[in-house]
Amino acid sequence: MKPKVVLGIIAIVAFTSLLMFNLGESISTYTDFETATEMSSAHVPGTWDSSKEYGFSKETLQFTFYMKDESGNVKKVIYPRPKPNNFEEADRLVVIGEMRNDVFYANEMLMKCPSKYNSADPSDYVKASES
Amino acid sequence: MAEVGPVFGILGKLTITFSFLFCLISLIYYYLAAKNEDEKKLRIGNWLFGLKGFFMIVASAMLVWLIFKHQFQYYYVFNYTSLDLAPKYLWSAFYGGQEGSFMLWIFFSWLIGLGLMRWTRAPYKAPVLFFLGLTQLFLISMILGWRFGDMTLGASPFRTIAEEMPNAPFIQANPDFIPVDGTGLNDLLKSPWMMIHPPLLFVGFAMMTIPYCFAMAALWKRKYNEWVGPALPWTLGANLSLLTAIFLGGYWAYVTLSFGGFWAWDPVENASLVPWLIGTAGIHTMIIQRKSSVAQKSSLIFAILAYVAIVYETFLTRSGILSDSSVHSFVDLGLYNQLLIFMLVVTGVGLGMFFWRYKELPSPDKESKILSREFMTFTGAVMLFVLGLVIILGTSSPIIGLLFNDNPTPPEISFYNDWSMPIAIIMAILTVLGQYLFWKKYDAETLATALIYPLLITSLLTLASIIIGGVRNAYYMLYLFAGFFAIVGNSWVVGRLAIQNTKLIGGSLTHVGFGVLLIGILASTAYNRPLLDQNTEDYNAAVKRGEVQDPQGFTISQTIEMLELNLDEPKVINDQYIVTYEGYDLSNQNRPGQQTYRIRFQEVDGGRPFYLYPEVYPMLATSTPGNVSWSVDPDVRTGLLSDIYLYVAGSAFVDQRNKQIERQQELLQPASDETEDQLQAQTIEFERGSIKEVGGFRFTFNDFIQADSVNLPTNTSIGVRAQVEVFHFASGQTYLIEPLFALFEEEGQTFVLSPPVNLSTHDLVFQFTSVKPESNSIELSITGLDEEYQEDWVLIVAEKKPFISVVWTGTFLLMAGFTVSIFRHWGRERKKSEE
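The listed protein sequences derive, respectively, from chains H and Y.
Residues in the first sequence are numbered consecutively from 1, following my numbering.
Residues in the second sequence are numbered consecutively from 132, following my numbering.
For the record, the hints were derived by calculation from the structure and aren't laboratory data.
Be aware that a few hints might be false.
Think about it this way: if two alpha-carbon atoms lie no more than 25 Å apart in a straight line, the pair counts; the simulated PhoX-like pairs of lysine-lysine are [said to hold, decoys possible]: (1) H:Lys-2 / Y:Lys-428; (2) Y:Lys-903 / Y:Lys-823; (3) Y:Lys-490 / H:Lys-4.
Quick list of simulated restraints, FRET-style, between CB atoms [unchecked claim]: (4) Y:Pro-682 / H:Gly-24: 53 to 59 Å; (5) H:Glu-59 / Y:Arg-794: 17 to 23 Å; (6) Y:Asn-548 / H:Thr-16: 41 to 47 Å; (7) Y:Gln-796 / H:Glu-59: 50 to 56 Å; (8) H:Glu-108 / Y:Leu-475: 31 to 37 Å; (9) Y:Asn-604 / H:Met-39: 26 to 32 Å; (10) Y:Pro-682 / H:Ile-12: 53 to 59 Å; (11) Y:Arg-488 / H:Thr-16: 23 to 29 Å.
The structure displayed is predicted, hence computed values, not measured ones.
The beta carbon of each residue, even a glycine, is placed where N, CA and C say it ideally should be.
Here chain Y stands alone, though its shape is the one from the complex:
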């Protein structure tokens, strides 16, 4: 591993500095070009914009190169990678940290800027690029790493370990110190989802900048109407990317992070949802503005706020302000003030321009009727916006909560649920009315007639699901009705439009998707059930009645949601499945020491059995005494109607390993008593071809073989190896060992040579202690074997989650609808440009 000198880091910082400077100069040219409508200045601005991106690409390539060359003297490389990291995860380590993710964001934003140069028409072109450049200026400043005395501007990805921790003792002792290995990527991030989820999110962030830029350009140039045409496809694209990223994040959390579900109202999740909601509100008002030249004010304000939401949530998640309330927000890199200024400038410039021009902004001559597409679509947009506000409010608890007490916690989950449910019900009903009115004029009477059949079908579906699902809650019934109404009513419209012109179905299709999503969310979250055996269910019932007390006399309020299984002992759970733990496999492939457990499910009334394979793996932890911590990967069986979600909470293997680690810890203590360890050695005597079963293992003595004389001492009289097969019952693993036994003479004395053979996976040590030619048998001494056979067991947490597939289906329908709309609006814009 050749190490590169400090020059490389200085070069890296220089490239970013160049990028920053070119960005700054391009801003000046764009400003002049926009002010004077000067073609020439615009061209110069474009070249500078291009150069800025070029330098950012060079800097990114340098960082990637450092990562792939394992240059651990650089803090970023040291902190996010290690020698054993697979190349595909070295790629994702590039944006695994804050600094790299800013670079990725800038890169996508730049690419989109190139697209804008090509496709934007005058007079919007120069001002749009000016504002895009302005946002990039802030983003680049986050990774500059300029020093002014005690102040630093930005955190450079090229800072060295010595710069990062100048006071660390090992740096003070040796300033040129270079670690041999990095601390590695968090195991949870070693996932294929990590490779695609963040980039898509940043594409979404970058695209959501565009409507903001167009709105600012419109306000600047006083052209309030035409901007929505070109801005609309970009906003739709931003929404599609954000939606896909949110979906991938949810799926990742569900299948590999063992969060237990796809949504938890975590601040970081909210951070991606709120811009999506406000952006969608903007799409609604832009569509009616394009059709009927109303709602200019709201289109402008939503376009501004959608981007403000992105910057605000970036501030919340990256400034360290949420460190107590979020499971996965970033730590503060000292960017707090910079992020704050970024946010204030974006908000200030956006809202400032808006209110500056407010008086000029067109207002509709007459108010639209309630039963009009304008009114319905506008109300829908307001509902989306209100939902966004509620979520922002909850997420801002560290700031807004100060109104209520000095040290506020995040709100309870019920706060989000209580507010989003009624809003969702209203939205669901509005979608149908809105879609009907969007394509045809109705009055109250004709609309009621048109809705008779959809209402009838909705009622039947609601009734059926109430009866089948055993729904008792009246609120849920209303919610189900609204959800089904959205599905049926909008499908009706989709059907009608599909006959006329398939290109038009985008909007209605997204609304069907929304309805499906609502039904899926309720079914999968409110009707989630743990899988338990009868005894545990009885116990939980007693807990719920308040009949169980702990030894101190307190009433226990927590139910048990775990299931214990002994090896090959089937248990009946929920009167539906027979579950059997059939052992585990130990492998060292992806993660050393990973156990893959085999859990067999069989329906009580027959059918084909199936298996689930949850995993447990050890991670090195610097903070624990034994240096090992255990992590789990759940397994999910996806079904059409319900999923089974399962992970291992504990097992005999993990227990034994923990005890071994403890024992080793004790041995490290100087005062420890070594005889104890020796007592654990036991001797087995067996004949050739015989089998012995001890402590969970089966030993088969296959044969003797002559030992290779090269490895033996001179004057060896006997040199044999025993071929012994070791079979571990629980894991089903077979190992072959060949311990050596040799007798040799030195200075007239006979010595025995029997080097120990280690079986590290089970912490066993074998020694071939003697040969008995008279009985054709051998003696093996084994250390680390449990005297009594330990029962093998596993503790699992399993849940049945109904209709998760419906949630995904709803999301896919939304994505499909957005895609159709993008093609439609994009196609129209392209035609316009060619005219």
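Bound-form chain H, shown alone:
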């Protein structure tokens, strides 16, 4: 083989391994609140528990709510920024942060906005024939 081709192959292999290594380093795994206790930065997916109190506090400058993870644990989540737009409409949340004393401190929060039908309450509809 020509030396140029060998060099090229080495460069491509080196580049690809570095890229994949780097990607592997920056990807973590989704967990639940229980496992998150042992991690310094955990991604926990779940749903908002709207039956409990939630809201932004002017005193602490934090947004607090309760979230139910996929194993069914409900934990308090503290997010140090204002309530994001569309929070109430999201049917799925991913909080990124760490667990301390049974409270999850989120640095980041992702929301998944649904097809609206899932959250629509059928009792809200009025039959057209009656209107």
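Since the structure of chain H is already known, use the hints to place chain Y on it.
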């Protein structure tokens, strides 16, 4: 509202089916026409192609009609519109959902097909149209809605609510059920940007199909060289549309979606960027192929991959696979398998044809030298492609991440930044070398001489910006140097070309734009600062030193990035501005209950003050107990050097409303104690013309007026109305109320009539309880007033973003450069066709 019968929906599905069938038959004719070079079959194919589009237009018109006629028995109409939606947003609701956006995509693709029929020459014409038809066949199949037992092919925009949710209890109780109103368009989509951003994106998607079709035609017909001529203007056009769409999306995210910036490496953003990058790589290789008949292989592969990238990203964003990692990907409509097949076919056919013909493909006789335009341009293309690959890799984390763990998250943002920065530096330097070599032959020595002045100016600019900007990071210094080098070096070329022939400057101009963009991106993202007062800054400094602990004894690591302002109490922020909250206006115009806050900025050392008007508005939310959720619209003051970006994080008004909602919720509970509510009523006594200030309001009793006797009971002895002016301090709003007081007799007894008057915006109820003629005064009972005056405050998140304008300028230069190039290459192709 007349309702249309189910026939309409069946007709709609039929039209789409016709469109699909005509597409299928036209494919057969195009195939035969391409195989045998048969003019007649091509003409028949063209007619069928036209009919397909005609039926798609009819179907689109029917859907638009259903939307405008509020036919909520159709799921699409129900899910994306409502009665109160303004007509302009009814239009955008047409492509607000997946199904409609497929229709729009097919429509643009069809229009472009008509253009291809007119302007493409043999032998490419029939095969190009064949492949265009093939992609449309897949797109139409996404909205067919055919049922085979449990399987459905496509999601029809004409499916009814009963078809969509057959198991819902209200459908089971009454199969003919029709909702009175739809669930409406998401408030965030009610934006003028929504009206132009998606259509432009689909024009870009549709146009990016063309280079793919030409490449396939070239491989089929074994004509590997001539195809780039006609394909080039289309590719440039696709790039211009995608670029404009990306720009509009970024601007929309920045000014109305409160994302806080113009780029977040979100999968949906990446989905539009990657095809652009690969398409641009293709443009580079096509240009050198046209000039020197080399790089046929890479032009073909980039043209194929650019479209594959579009289909792949369509798969990622529409199949629901990204549901955890993206803020705004679509939910799965059951199209996962169909999209997967679409992607596999496009990729398989594309790469299959390429490798099938691979051995025949021309190779250059001798390798080009490093200092040649071919080598430089090719390297640039490879760099663009590599950047595209890195981004695809990160975006594919739900699939590729499985290599690392079972439940992979998206990569951290730093993954994208760490890789794109060095690539951008290399690209920036290459642009200058490439542009110099493109127009003139140089060897190492003459090139170095030619670059002396540009390098000198670059160094001066870099040095100046390092000193002025206080740049400490060596990596940033290198990046700045590369960016300035791209600007200066390419401007040099633009200047030289402009003297010779202005039509030639397109390429160099885009490269100047690229350099400007690089500088803007660094300045606006790395030097973003929150606007804070001195106390908060001191607190944040302590947090950074690790000196602050929370009550549980944990060290706090999060700094505060919010600013609290009390009504009419100025605060100094960043030693630069005096900021004052001057109240808010309540209006019901665009969105009921919207508050527009007035925030005044004044430079510490004088100058003209200016205002920012962030907005907060309530949205109905079915999931919250109180049914109201609050959304914000930021306001941006655009400046030449820096922007101020600001939104309201909380306010006394929103707080009060939330408390009222809570109170109403409690009242709905059966066990609640109503006396508490009554205690809150208080009585004010005042004379005619006097003023009282209570609980944040000023009440002025102007006068009595005689009540209209028509509305009074018979036997009324007294019937007066009091004219009272209610002024709300915080919002500056004035209301006029005229409560009634009447005495009437019935069966010898005297009764008082004083119906309550509601002021719903502030949840106040007034009752005119008595008249005291002896002192010329009245008594008003007011419910819902706070006993003590509540201070009015607002919490804002504000940021100073330097040089955002530079990012836009860079984008505009890129657009301008592409436009010039389109005219040049298009003009040349037109001339060729006329010959």
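Between Glu-59 of chain H and Arg-794 of chain Y, does the C-beta distance stay in 17 to 23 Å? Because 21 Å falls inside the window, the suggested range holds.
Holds or violated: Lys-2 of chain H and Lys-428 of chain Y, Cα atoms, limit 25 Å. Holds, at roughly 21 Å.
Given the hint of 41 to 47 Å, check if Asn-548 of chain Y and Thr-16 of chain H actually sit that far apart at their C-beta atoms. With Cβ atoms ~20 Å apart, the hint is violated.
Holds or violated: the 53 to 59 Å window for the beta-carbon distance between Pro-682 of chain Y and Ile-12 of chain H? Because 55 Å falls inside the window, the suggested range holds.
Does the Cβ pair Asn-604 of chain Y, Met-39 of chain H satisfy 26 to 32 Å? holds (30 Å)
Please check whether Gln-796 of chain Y and Glu-59 of chain H have a Cβ separation lying inside 50 to 56 Å. Given range 50 to 56 Å: violated, Cβ gap about 23 Å.
Given the hint that Lys-490 of chain Y pairs with Lys-4 of chain H, does the C-alpha gap stay at or below 25 Å? holds (21 Å)
Take a look at whether the Cβ-Cβ distance between Glu-108 of chain H and Leu-475 of chain Y falls inside 31 to 37 Å. Since the Cβ atoms of Glu-108 of chain H and Leu-475 of chain Y sit about 34 Å apart, the hinted range of 31 to 37 Å holds.
Determine whether the Cβ-Cβ distance between Arg-488 of chain Y and Thr-16 of chain H falls within the hinted range of 23 to 29 Å. holds (27 Å)
Distance restraint evaluation - Pro-682 of chain Y, Gly-24 of chain H, Cβ atoms, bounds 53 to 59 Å: Given a distance of about 38 Å, which is not inside 53 to 59 Å, the answer is violated.
CA of Lys-903 of chain Y to CA of Lys-823 of chain Y, is that 25 Å or under? holds (17 Å)
Checked against the numbered hints listed earlier, the structure breaks hints 4, 6, 7; every other hint is satisfied.
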